[in-house]
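S.K.: The lines below spell out each chain.
Number of protein chains: 2
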Amino acid sequence: MFRIKSMEGVLMKNALLKLYNSLKKQVNRNLISTTLSDIISDIYFDNRKFLNGMEKIPLKSNVAEKKYFSFGKEKKLSRPINLNIYLEDEKTIVDFINAVKTNDYSKINAENITKACYTIAIGFCSVIDLLKTGDQKTPGTFFEYFIGHLFARKLNISPKKKLEVLNLGMRATLPTDFVFDPGSDKTKIHLPVKTSTRERVIQVWAHQRVLDGVYGVGRFRGILVGLSETKLDSKRHIVTEICLPDQWRLYQMFIAQLSRVYYLDPPKTYSQLNNAFPKITVLPFGNFFFEIEDLLD
Amino acid sequence: MFRIKSMEGVLMKNALLKLYNSLKKQVNRNLISTTLSDIISDIYFDNRKFLNGMEKIPLKSNVAEKKYFSFGKEKKLSRPINLNIYLEDEKTIVDFINAVKTNDYSKINAENITKACYTIAIGFCSVIDLLKTGDQKTPGTFFEYFIGHLFARKLNISPKKKLEVLNLGMRATLPTDFVFDPGSDKTKIHLPVKTSTRERVIQVWAHQRVLDGVYGVGRFRGILVGLSETKLDSKRHIVTEICLPDQWRLYQMFIAQLSRVYYLDPPKTYSQLNNAFPKITVLPFGNFFFEIEDLLD
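Which chain is which? The protein sequence lines are A and B, in order. Its first residue numbered 524, the first sequence is counted upward by one per residue in this note's numbering. Its first residue numbered 524, the second sequence is counted upward by one per residue in this note's numbering.
By construction, these hints were calculated from the structure, which means they are not laboratory data. A hint or two may mislead.
Identical chains share a label here; the pair holds if one copy fits it or two copies do between them.
Result set (BS3-like, lysine-lysine): computed pairs, CA atoms no more than 27 angstroms apart in a straight line [what the hints assert, rightly or not]:
1. K709 x K802
2. K599 x K579
3. K589 x K709
4. K754 x K660
5. K717 x K660
6. K717 x K572
7. K598 x K655
Sequences are here, hints too, so could you generate the full structure?
M.R.: Have a look at this one:
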């Protein structure tokens, strides 16, 4: 039974908040450590237990070739979940967490990595959707930490969130998304992470432009990681995708150039930008683990 | 007495909503017409009546040389209002509205224009703060229409909110803030309007960059109009200003160049950018009416 105000719901919420707080503490301490992988795994299993007690409500999908459902009951619904990439089975998740902890991705393929990450991320977001009202910050922060941790483990680098700018007598600090610096003379990574982008995405290109200006074009590779671009009409139970491909093309032509955009649930409209001018390479997130070395050459 | 749920409060809210709806209708019809000036004047007088029934609660100001208060009662407070530029007296407002309607600003000076505009804008925002909870959209929309109307009257041009982009086989529409086009071979204006900016301000420079890229550098003058940058700690009744001058300098150096930033309540930190490199010209809004012809030469 789904009742947030039941004793079970309260206990669940407290347990999740406790885990979420230990996640935040660990992130501040060390974004690379396997302790963080374990906390993420614990959060997944807690969420899974909670979501297994919910109803799965089918949604009408206006997105070609994708089916969506929500967890919830009656009027309270989680965000839409892509049926084809949400894993019911925990085995792939366990394999993935092991790969993260050992930094060995040879026994799991890109497709299953994308599914495992999607399941962990959308699961957390859905639990927050159901336990709280209008909270976009917690899902966004979790997603940022989660992706940041995966990059940190894979690259074996602790990211920074600000950079020093020294410019003819001006000394300022530029707050950034995650930046990963493998050392001088090596390509660095600028990693914005967003659960969804909409109009705000122009910020990503603008930050890349500032980095290009301050440190020189090509010094930082811009990599955007997104969760999905779905929008739910919660009264009529209809899912759509909100995409602005023409604007992305203008940003890529006139503001700066992003090297990659990875999605956990890639919108087809954006994947088609792989074949347009200006080319924007949009790929499922799992691909990152198998091409990042080449990108940093 | 301040009681939102009193009959008087409900009538007030209904009257304001009715006026606000007629404002929106008129904006869609014609942003230039004096009908809109009259509606704005009506809204001001309605707001004034409502706010005169409120308490004026002094705030502790952490902003040098500025004193602030809020309208409200007990825990419900309006946003902070700058005591030195908020007009108690309606005469200057009436003079200003007349100047707008006749497009003759010879009998009012820049300082009084800034005060009149501040009083109208912050008054509307404060009424919404008191009548609703967490509504940032309505104040933002009103402020955008208000400033858009003043530019449209002054320039005698109806602005657009999107531009056609034609680029080697690509045909896209670029949604923009207001753009004013005085005709071919004349400088055009790109006018973003924000009640406050914070981190989101990078969007303004990024949009300017796209316009520079698509239409050529110098084709559009970017003019940002802001209301204020105050932040209220509503528990402790403390006002601060949130400014990010170093980031503005990086944006002005590395993304695009804004021609002017006008504020109704100019933060000193930003006014100081007039004397720094890169120079960003930050002025009280009233100055616009006396220098715009020169800017468009």
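S.K.: A separate judgement is required for each hint: does it hold in the structure or not?
M.R.: Do the hints match the structure? See the list:
Within a single copy, K709 and K802 get their C-alpha atoms as close as 24 angstroms, which meets the 27 angstroms cut-off; across copies the closest is 34 angstroms, which misses it. Proximity of K599 and K579 under a CA criterion of 27 angstroms is satisfied intra-copy only: 12 angstroms inside one chain copy versus 41 angstroms between copies. In this assembly of identical chains, the alpha carbons of K589 and K709 never lie at most 27 angstroms apart, being 40 angstroms within a copy and 49 angstroms across copies at closest. In this assembly of identical chains, the alpha carbons of K754 and K660 lie at most 27 angstroms apart whether taken from the same copy (17 angstroms) or from different copies (20 angstroms).
Taking identical chains as interchangeable, the C-alpha atoms of K717 and K660 lie at most 27 angstroms apart whether they share a chain (11 angstroms) or sit on different chains (22 angstroms). Only within a single protomer do K717 and K572 lie at most 27 angstroms apart by alpha-carbon distance; the minimum there is 26 angstroms, versus 44 angstroms between protomers. In this homomeric assembly, K598 and K655 come within 27 angstroms of each other (Cα to Cα) both inside a single copy, at 14 angstroms, and across copies, at 24 angstroms.
Consistency with the previously given hints fails for number 3 only.
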